[in-house]
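K.L.:
Each chain, letter by letter, is given below.
There are 2 protein chains.
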Amino acid sequence: MPFSLPKLQQLNPADARLCLDTAKVLQEYHVGGSMLLAISGGADSTALALVAAIMAPRLDLGLSAMHIDHGLRAESPEDAAFVAQLCASLHIPCEIARLDTRQIAAVRRCGLEEAGRIGRHAMLEEHRQKIGADCILLAHHRQDLCEDILMRLLRGAAWPAIAGMKRKDGRILRPFLYMAPQRLRDFLNSCSCPWREDASNASLMFLRNRLRHTVLPLLERENPSLGRNAANLRRLADVDQEFWDGYIAEALKKNPWLEDDSSGILSVTLSGELLAKLPRAARLRVYHLAMRRLNQRAFGNNLAQARTETLFSLDAAHSCGEGGRIFEFCGGIKARTSHKNVIFQTTKIFIEGKNNGSI
Amino acid sequence: MPFSLPKLQQLNPADARLCLDTAKVLQEYHVGGSMLLAISGGADSTALALVAAIMAPRLDLGLSAMHIDHGLRAESPEDAAFVAQLCASLHIPCEIARLDTRQIAAVRRCGLEEAGRIGRHAMLEEHRQKIGADCILLAHHRQDLCEDILMRLLRGAAWPAIAGMKRKDGRILRPFLYMAPQRLRDFLNSCSCPWREDASNASLMFLRNRLRHTVLPLLERENPSLGRNAANLRRLADVDQEFWDGYIAEALKKNPWLEDDSSGILSVTLSGELLAKLPRAARLRVYHLAMRRLNQRAFGNNLAQARTETLFSLDAAHSCGEGGRIFEFCGGIKARTSHKNVIFQTTKIFIEGKNNGSI
Numbered sequence: 162m163p164f165s166l167p168k169l170q171q172l173n174p175a176d177a178r179l180c181l182d183t184a185k186v187l188q189e190y191h192v193g194g195s196m197l198l199a200i201s202g203g204a205d206s207t208a209l210a211l212v213a214a215i216m217a218p219r220l221d222l223g224l225s226a227m228h229i230d231h232g233l234r235a236e237s238p239e240d241a242a243f244v245a246q247l248c249a250s251l252h253i254p255c256e257i258a259r260l261d262t263r264q265i266a267a268v269r270r271c272g273l274e275e276a277g278r279i280g281r282h283a284m285l286e287e288h289r290q291k292i293g294a295d296c297i298l299l300a301h302h303r304q305d306l307c308e309d310i311l312m313r314l315l316r317g318a319a320w321p322a323i324a325g326m327k328r329k330d331g332r333i334l335r336p337f338l339y340m341a342p343q344r345l346r347d348f349l350n351s352c353s354c355p356w357r358e359d360a361s362n363a364s365l366m367f368l369r370n371r372l373r374h375t376v377l378p379l380l381e382r383e384n385p386s387l388g389r390n391a392a393n394l395r396r397l398a399d400v401d402q403e404f405w406d407g408y409i410a411e412a413l414k415k416n417p418w419l420e421d422d423s424s425g426i427l428s429v430t431l432s433g434e435l436l437a438k439l440p441r442a443a444r445l446r447v448y449h450l451a452m453r454r455l456n457q458r459a460f461g462n463n464l465a466q467a468r469t470e471t472l473f474s475l476d477a478a479h480s481c482g483e484g485g486r487i488f489e490f491c492g493g494i495k496a497r498t499s500h501k502n503v504i505f506q507t508t509k510i511f512i513e514g515k516n517n518g519s520i
Numbered sequence: 162m163p164f165s166l167p168k169l170q171q172l173n174p175a176d177a178r179l180c181l182d183t184a185k186v187l188q189e190y191h192v193g194g195s196m197l198l199a200i201s202g203g204a205d206s207t208a209l210a211l212v213a214a215i216m217a218p219r220l221d222l223g224l225s226a227m228h229i230d231h232g233l234r235a236e237s238p239e240d241a242a243f244v245a246q247l248c249a250s251l252h253i254p255c256e257i258a259r260l261d262t263r264q265i266a267a268v269r270r271c272g273l274e275e276a277g278r279i280g281r282h283a284m285l286e287e288h289r290q291k292i293g294a295d296c297i298l299l300a301h302h303r304q305d306l307c308e309d310i311l312m313r314l315l316r317g318a319a320w321p322a323i324a325g326m327k328r329k330d331g332r333i334l335r336p337f338l339y340m341a342p343q344r345l346r347d348f349l350n351s352c353s354c355p356w357r358e359d360a361s362n363a364s365l366m367f368l369r370n371r372l373r374h375t376v377l378p379l380l381e382r383e384n385p386s387l388g389r390n391a392a393n394l395r396r397l398a399d400v401d402q403e404f405w406d407g408y409i410a411e412a413l414k415k416n417p418w419l420e421d422d423s424s425g426i427l428s429v430t431l432s433g434e435l436l437a438k439l440p441r442a443a444r445l446r447v448y449h450l451a452m453r454r455l456n457q458r459a460f461g462n463n464l465a466q467a468r469t470e471t472l473f474s475l476d477a478a479h480s481c482g483e484g485g486r487i488f489e490f491c492g493g494i495k496a497r498t499s500h501k502n503v504i505f506q507t508t509k510i511f512i513e514g515k516n517n518g519s520i
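Chains as they are written, first to last, in the numbering used here: chain P, 162 to 520; chain W, 162 to 520.
It is worth saying that the hints were derived from the structure and are not from the lab. Treat the hints with care, as some may be off.
No copy is singled out in the list; a pair is fine if it fits within one copy or between any two copies.
List of simulated lysine-lysine pairs, BS3-like, C-alpha gap at most 27 Å [claimed, not checked]:
| hint | residue 1 | residue 2 |
| --- | --- | --- |
| 1 | Lys-495 | Lys-438 |
| 2 | Lys-415 | Lys-438 |
| 3 | Lys-438 | Lys-414 |
| 4 | Lys-495 | Lys-414 |
| 5 | Lys-414 | Lys-501 |
Please take these sequences and the hints and turn them into a complete structure.
P.N.:
The following block contains the structure:
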């Protein structure tokens, strides 16, 4: 790969703008200067590596990279070799790791897409901690965001979750999230930088790809600004999320929930006193938060999602004073109404399977 | 049309359930007993007429109907004749009216779909007032809701507007909104009740139809519960809407906005004092509300929608203390930042065109 990194001053205006816009996002979130880049070798993450490398001196960034081989495709070794070479030419230290996606899918009883996502996130976070990086950079752009919104609509997500993945989500930062993917391809082309085409991106075996290749083009034909709308929806979701986080934190300060794991089962109890003071919009969100808290403690990740319908049914049972009703959430978590309280708890099986569940 | 209305007891369980579920919705919203049914003669509104007629004695309903000929299709007179005959056999008084959709489109400078919607709503509301009905029943079901959500996503709507049309919206009630359309067809078939197929429903000239015939089937194939998810999303939107309505009403009670029309231009001024006290999530919604208020006063309808992007830009200008910035909304309404205030006002043209604009 005969490739040498251009300087910011050598870029054409559009590419320089891409680098500066990305830098602005990195600065906006004050994530610190040490960054772990997740690089598949596809166009998006290759562009991310280049932009980060170009901007590193100005922003005083310390860069590391990680490439995860999902063990699902024959050409994986070549992808890994490409990424190793790219990172070497960019002087970015790179870790190549292998994920047993099929095994995670078997243990978590989920599809390969979901298993890959869960395993990838866990591996990146582990490596981030090991090398002491401040954050993980992912190369998702606004077409990924559109796909995610549709997937969440299909899955029955609530607001603000339905607005898709966040630009900043814990230690994860997605500086390209509100940008059009074409900007990244244009940048790579004008830098004469190659990338790897992931053949599985064309496979209609995966939901995300079916949406990408069939639904999204139809919607984009109706309104080429769809991606922009998606970004705005996500921005609005962040504003609402911030509001609800503050609102609920305030309520929990006055009436804290009760965490318990004495019986070997993790639980979070929301008191009747707390629930009585909350408007319905906040109650539904406190349920969700309790469920996520449990998932975090039991499985060490924040990937749990609740179906709106289940939250509504739970709240209806609580509001009508129906005790002893049980509602199941994904991932082995259930909620039980008890007098005026609502108790979230893990089921035993998942506690025993804790370590398997964490990846 | 040899058709006689069955009694509730004569229906099969699924059809009886449809009638009882519909009755439950009518009762839930306490809309009063006098109802104006909007009937196109298509399957959905024909089913609505039947269900309403079957349940009328039990619920003590007074029914009237209105059929609006949009003047766009050659077979319009036959549709009108069908509806007249249907209503006669159901003993529902029916008004047949004609809408000049093309003229509204020309005056409002919008597409035929939008013009039809605006004109239809205005005409129904006028007739409702004339006959003193409590509410207007529309036959939208959850497939319509899905289409509406996609249309709003394309249009860049905010939350909760993006969750689609409401089940109860002012004087309008949509008792079928959370129901699957197949239930309505099944009901008509088992009652041996005919309906009119609107040939324009198949035309890909209209955005709604393109979504219906191309995008929705793809999404429904991924998850047949899409319609259910849409209904849940709309329910959640209602919960949030209720919260924000209360929150903002409270804020406006302490720091009311100022309405003015002394200069021939209608305006709504949001004071810096009001805005300073609101979190961003509430500020964005107060802007939207002010815009709708103006639209209501200028054009007598609540159909105005604001693009999220414009609201964000307006708020950014306000928050940075940038005075004198102007932001344009659809329908001839603009917002201006002025010191710490934000002023919404109509442009002159639309005031002069007020009467044309009202339909």
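K.L.:
If a hint holds in the structure, say so; if it doesn't, say that too.
P.N.:
Structure-based check of each hint:
For the identical chains of this complex, Lys-495 and Lys-438 are intra-copy neighbours only, at 23 Å inside a copy versus 39 Å across copies, given an alpha-carbon limit of 27 Å. With identical chains, the CA atoms of Lys-415 and Lys-438 are at most 27 Å apart both within one copy (10 Å) and between copies (22 Å). For the identical chains of this complex, Lys-438 and Lys-414 are neighbours both inside a copy (13 Å) and across copies (22 Å), given an alpha-carbon limit of 27 Å. In this homomeric assembly, Lys-495 and Lys-414 come within 27 Å of each other (Cα to Cα) only inside a single copy, at 24 Å, whereas the closest approach across copies is 42 Å.
In this assembly of identical chains, Lys-414 and Lys-501 lie within 27 Å of each other by CA distance solely inside one copy; the values are 19 Å within and 33 Å between copies.
In this structure, every one of the numbered hints holds.
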